[in-house]
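Using the sequences provided together with the hints, build the complete structure.
Chains as they are written, first to last, in this note's numbering: chain A, 171 to 291; chain B, 164 to 694; chain C, 14 to 220.
Each hint should be verified, as a subset may be incorrect.
As the list claims (entries may be wrong) - Quick list of the computed label-pair ranges, beta carbon to beta carbon:
# : chain 1 : residue 1 : chain 2 : residue 2 : range
1 : B       : H644      : C       : L170      : 47 to 57 Å
2 : C       : V122      : B       : R437      : 53 to 63 Å
3 : B       : L381      : C       : V122      : 20 to 30 Å
4 : C       : A118      : B       : L173      : 43 to 53 Å
5 : A       : A248      : C       : H97       : 32 to 42 Å
6 : A       : R264      : B       : V460      : 17 to 27 Å
7 : C       : W128      : B       : L288      : 27 to 37 Å
Unchecked claim - A few chain B residues that don't get close to chain C, going by computed Cβ distances all over 10 Å:
#  : residue
8  : A445
9  : D501
10 : H532
11 : P665
Treat the hints as calculated values from the structure; they're not laboratory data.
A virtual CB, placed ideally from N, CA and C, is assigned to each residue, including glycine.
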Amino acid sequence: MRDRPSRTAAYAVAWLALLGLLAATAAIGRLHLGTGNLVASLSIAVLKAAIVLWIFMGMRHATALVRLAAAAGLFVLALSGLALADFLPRHDERAAWQAPHQLAPGLAGPAEPASKPPSPR
Amino acid sequence: MSYLCDGHSLRSWLLTTDHKRIAILYALAITAFFFVGGAAATMIRLELTTPAGDLVSDDAYNKLFTAHGVIMVWLFLIPSIPSVIGNFVLPLMIGARDLAFPRLNLLSWYLYMAGGLIVLAALALGGVDTGWTFYTPYSTMFSNSFVSLTLFGIFVTGLSSIATGINFIVTVHALRVPGLGWFRLPLFVWAHYATSIILVLATPVLAITLLLVAAERLFQIGVFDPAHGGDPLLFQHLFWFYSHPAVYIMVLPAMGVVSEIIPCFARKRIFGYRFMAYAILAIASVGFLVWGHHMFVSGQSPTANLLFSLLSFLVAVPSAIKVFNWTATLYKGSIRFDAPMLYALGFVGLFTIGGLTGLFLASIALDVHLTDTYFVVAHFHYIMVGGSVMAFFAGLHFWWPKVVGKHYPERLGRAAAVLVFFGFNLTFFPQYLLGVAGMPRRYHAYPPEFQVLNVLSSAGASILAVGYLLPLLYLGWSLRHGRPSGANPWGATGLEWQTASPPPTHNFEQPPEAPQDVYGYTPEIGARFGR
Amino acid sequence: MSAVLPPASERSDAGTLGMWLFLAGELLFFGGLFAGYAIGRLHSPAGFAAAGVRTDLLLGTLNTAVLLTSSFVIAIAADAAAAHRARAAVLGFAGAALLGLVFVAVKAVEYRGEWHEGLFPGPGFSMRDAPQGAELFFMWYFSATALHALHLVIGMLMASGCALAQGLRAPAWLRALDAHAVALYWHFVDVVWIFLFPAIYLVAPRA
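Right, here's the structure in full:
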């Protein structure tokens, strides 16, 4: 059986650390660091998540199987990063916004003569 | 007392937590959905016998192929082997009394039924015309059909899939009899384990994707709308990130079934057991990396095209290893051509053809010509129907004596298998030729020069229909009039054959002992269990 | 027709593994949402920045603190439930559910403010002069926070169930709730918010 008092103590320490990190991230958010803002806020978020995972969710006591399950989820999520191979090289070519042009329904009669392939009758 | 006799009331079936009864509930449901999807296919093939779009209107045709796709993929193929055969046989194979979460199993079935009924309701109300792939912006902005309702139905069945996946994984970890190590497990268990990983990790991506499409339709939250800075290709990435692994959900269990049947009917240990297990894991993992091959002509970047093409070639390797190993298992075996074996052999041949044509499609240059033609339609039908459906029938016949305690009529079984094989090839091989000739998919009218091949295909479909109806008749007949079967009519290895047919509710009177040799077939055992 | 359940100790390990598997799936669910956000931000950094500064940082930070505290409380509650300390468990689970309610209430206040400022996407969207992507940001914001809130409400229901299950006359189906699994789910909802917070409120420094 695990040591009950020290677990509550661990939770309390974790909670205080999380609140501290929250204050830090909010404070850093006011500074103008360019890309540094994103790096900082993401890193702090990862740290907070790690604390919740490790202490609150009991990852430090968990079986290898549970760790594998969590890792598998993270791994497959990371695989979606392969989509960046599409999004990074592609650039938008901006055009002026046009309202979508809704054609009349085809059942009322052909709107455009060229829209249907010629069919033998 | 067998599980079939343990309670006769409707309540005892609808509130059961017995995995075997739940498997039967699933079996009844997927059979019904199969025939609804088949009815849509019948209409499609009837329309395509003539070049003119004269049987149904273009809108109705769009709704037909959408209904066929949605029903066959989500309401038939994905649950078929795992939720019917897997549910029944998996706990037996590991010596367990039930799955890890029996009540969750029942909930899975109710979720599946709810989702399926919602999809049918959308169909009855007028249907959907977006195609089973729901591409944006048509599905989000322009389709005037029951898209959101259908998406909601699919979402609910997705929850059922996730629950089943969780159940299987925990079952395999927690409930194996002592001594049953990983490398003593039947490959059917490996296959379902890998499938369950995909079910748990890929299906949620479909869930969020469908929700976002519905949000764009209902609340104009246009995350896929370029006018707001969104990207229609984002939909395709999200959709195919699930839908490609989904095809492995459909194929891996089939491979598991075939890996049980071929050793049994060749009276020979499976060749290369460890490589078969590793190949299953490889297919499941690399399968997550190839989704972009559905998007080669969508406007995706050339870099992504290149990467996805390369990865798609890689994913063929473990599948090929499996085909080689099945073939090597047959070599110098004492082969018996019972119905399950006929279907399993059909699987190996047709899956190979389907898989090879996948390589054609993975080559970008060829895909530019073949994409959205009947070549693609033929490719995936060879794998899904020639592969998965045949494997489903193989498993159905193989485990039928175990499930109902009766033999099916063997000659009719073989006849149906041959009919299905012949009908299938006549239906879908011409479609490869049509695709190469340039006939686009999802068109209900086509130039007259394509008619001959289309007529051949429709003729094949009528034969295939007979082949599918026959088992319905003779399996039903066997429930009453079939010859009673013993515990192990095929002389198969595997713990499910160590208990009575049909099994008692708690599966085993005593927890069975783990076998020393998972595929311990020898010709002598075959001689002892003659028919 | 009762289920044949394995012994209790086996069940809790199975329940824990089952919940972790479910959470792995939920990671992919929210992951898809975050992936879309990332692509949107990659393509329209100016629009996202312009929209991001219009969110209420004070309320967002407050809500984050509330949720982190609720995680702390529910962790204690789950341990108490396992050690059969019913009073602590009831207080803990009820407390967590209450904090969840505070979160939802604060969110509602935020939504109301955003409605009045014309930040709901649609014809009434007021940031017409902002760079392209501002409305998309708010589309993501509302979708993501709504889905998160839905998950939180489900968590609150389960936590309340766990609190009630400690009672002497709690029905069997309520007592079957796995307190540890419910706590794990709650922590996961917290982790999702931990990543939503910077994505929503810290897009760009405010003046």
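Status of the hints after comparison with the structure:
For the pair B/H644 and C/L170, the beta carbons lie near 52 Å from each other, so the given range of 47 to 57 Å is met. Taken as a hint, the range 53 to 63 Å holds for the pair C/V122 and B/R437, whose Cβ atoms sit roughly 60 Å apart. Here the CB-CB span from B/L381 to C/V122 is close to 25 Å, well matched to the stated 20 to 30 Å. For C/A118 and B/L173, the Cβ-Cβ distance of about 46 Å falls inside the hinted range of 43 to 53 Å, so the restraint holds.
Evaluation of the 32 to 42 Å hint for A/A248 and C/H97 yields a pass: the beta carbon distance comes to about 41 Å. Distance hint check: the CB atoms of A/R264 and B/V460 are about 23 Å apart, consistent with the given range 17 to 27 Å. For the pair C/W128 and B/L288, the supplied restraint of 27 to 37 Å holds, since their beta-carbon distance comes to about 33 Å. With a closest Cβ-Cβ approach of about 20 Å to chain C, B/A445 is found to remain outside the 10 Å limit, as its non-interface label requires.
Against the 10 Å criterion, B/D501 stays outside the reach of chain C, whose nearest CB is about 34 Å from its own CB. Here B/H532 stays apart from chain C, with its beta-carbon at least about 30 Å from theirs, past the 10 Å limit. At the 10 Å boundary, the C-beta of B/P665 stays outside the reach of chain C, the nearest C-beta of that chain being 16 Å off.
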